[in-house]
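Chains as they are written, first to last, in our numbering: chain A, 1 to 619; chain B, 1001 to 1198.
Hint data in this document are derived by calculation from the structure and do not stem from the laboratory. If you're wondering where the values come from, they're calculated on a predicted model, not measured in any experiment. Every clue listed holds true.
For the chain A half of the interface with chain B, some residues (derived, Cβ under 10 Å), not all of them:
id: 1; residue: A66
id: 2; residue: Q223
id: 3; residue: V395
Virtual Cβ for every residue (Gly too), placed ideally from N, Cα, C.
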Amino acid sequence: MPQVSSSTTVHDVVVVGSGAGGGTVTNVLANMGVSVLLLEAGPMLNLGDLKEHMWPYSVPHRGAGAKGQAYTNEPTGFTYSATYGGAQLEGEPYTVAPGSDFSWFRSRILGGRTNHYGRVTLRLADYDFKPYTTDSLGFDWPISYGDIAPYYDKAERFIGVTGSIEGIRSAPDGIFNPPGALKAHDVLVQRACAKNGIRAVAARQAVTTVERNGRPPCHYCGQCGRGCTTASNYASSYVQILPAMKTGKVQVIANAMARELVTDGTGKVTAVSYIDKTDGSEKQVRCRTVVLAASACESARLLLNSKGAGHPQGLANSSGKVGRYLMDTVGYSMSATVPALSGMPHYNSDGYGSHLYVPWWLSDKHKDLNFPRGYHIEVGGGYGMPGIGSFLGTVNRVEGYGIPMKQAIRDNYGTSVGLSGRGEMIPNEQSYCEIDPEKKDRWEIPVLRFHWAWSDHELNQVRHMQQTFRAILESMGGQIATGGGGGRGGRGTAAAGAPQRGGQAPQTGQAGPQTGVPNAPAGQPTTAMAANPPEADPNRVPISRGGAIIHEVGTVRMGDDPKTSPLNRFCQAHEVKNLFVADGAPFVSNADKNPTHTIIALAWRTAEYLAEEMRKGNV
Amino acid sequence: MSDITRRDVLRRIGLMLMATGVLDRVSAQEVHHLALAAQSSNGGAYSPKALTAHEYRTLVRLTDFIVPEENGKPGAVAAGAAAWIDMLASENAQLKGIYTKGLGWMDEAMKKRGAADFVSATPDQQTALLDLIAYRRNQSPELDPGIQFFTMARRMTVDAFYTSEIGIADIDYQGNRPQASYPEPTEAIAYALKRSGL
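All chains, full assembly: derive it from the sequences and hints.
As structure tokens, this is what we get:
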């Protein structure tokens, strides 16, 4: 063991991780006058590195990778997206148990995944907090909608969220700023949905369309996924942490990979031990309280790796539930070529990504369905910025060369419409993470091993998505092009069928592992999505791979009973009063709402509680 | 344009004029191709790094067939597609191998059809070969290497063209610029609704 260097300073609050949860805790505490030391495993974000507004021809390889890897089926190093991470990180492996399939996306940068994410901002509904009460499956949260609604309010006022007041139970209204107009394909989708008895409404995106706290309104360039140089969309880096640093209350240590929580004889956390990645040395920072916001699985890993005399199973883990009830979102996508859009007068369709979405419309009809939980639909389409692979689908279909091929490309441009289902997964005993008994990362920190299983609840939900998406797309005259395992299209992955999270659909039929495609301005991280799964097994339900939707939550859940939940109703460890968790780990269920909004609201509530407990001298 | 290439072009124009008295449409295109190819390959802007001068000329010609100019609107040659491909091939041995082998195959196939090589074949000979290798339905042991190579060259040429300033204008992508608001695309909506029947 190398020598551990430690400072004698005791920090009031050490926050581990700078994504949505860590950024919120840091910002809220700093504005309450509480000092925060923030540890981030990656580097500081340099706003000058963001690729917003960059044309493909502005870089020599135009997104094909510095060595043209897009053409030799290798991962491309360069992308336009602000992802700074992926499922494969050099020297930071994880393992997957035999028979399981799971992909773990990590982002190592100030702001984490919020720099690039899809920015879908949905409140959980009242029933989402009481799923067990509703259908006897899964578990209830220890809190209800009323407990968290004030924090959704605060988050929306602070961040800026687009949307319209609709009065739909599955999609509670919030404090919205005006949405952008619908795009042409959105209008078709909305009418096609109506024909099928489905209501589509303005998308709820973490984008401010009015000036807010010095942040200019959105300029509608469609490149949210590249990071926003005007901070008009939400990322914890440029909306919360960099401004909070100006209060003088926040110190950030970048390149600090947390290794272990150090405890005293009473089991309280006294320090966080971390690897200084700049030189590989191990250091410690002493703390009065610690907030884990390293991402659901990293926070679980940190607790499981913090073993001591009084806690041989890891810290705050007498229940044995740390790492358990890992959930992701159910994903399935389908796209179609819509002839009605061919030859349409072109317009600038960039906007802020999706302008339309479909909230779950059958929340009161579950007794008539063969699956218990809902999903929402995200809509993609429009004239994306051309990129590597943008027209590959068309070219492979029409073949040939010359002017006929050019004409086909022209005719198909902007005619692809994609629907992505995002559904609730019910926690199960087969889906969890634990410490791998053998494997360690480059800093000798034991790594996670994942176990994963979908159940019929999720598979039947995907079957319903298939039928529904087909009906909607065919109602608008669409010719189904692709439908597959719902992975995210990705940082540019020109994944067929997946609406790019900027709402820019790929060109029809485009498939393949191209990464770094600027066609996804607001793109998601790349996990190459298989287009259609192999035809060999027509019975296979084309559900996304576990982890592929990058909504992993639930590994350190909250609950009133310490025997079954590591955290209490304020996301404070039952057993370790100065330990809090503020990422997706406290989630008890994973509703069909993208988790970031609830991570922010919960983290805000936790930060206020922590500050109050500190003021009272309780921690 | 280097002197030699300029002389070549002028000589070709002279030969065409002597033969027909006028530059017909095909010949005019041929001149345009030659000029642009010469400009692109020898104009000092780009010297091939991965390919030989001959291979590069062959590739320039090929990219011109794949995305030609159209009603005066420039195509892949003006967009520098061959230079971009060569640049990537210079960084990637696998890609370089694909192009060296593939362009060699094109010359060999042309020899079997009575020409010295691909670039010096007549446009009719060139399109006759391309019409075979541009379609999967022509798969055969003889043509498969050509079809595979053309599929890659077509894919990369299309990428190169549509990611260039010229190609982005050609496809009429109107975005990537800040706007004060997001106006409703009324004309587009009216068009789409009418055609969809919704």
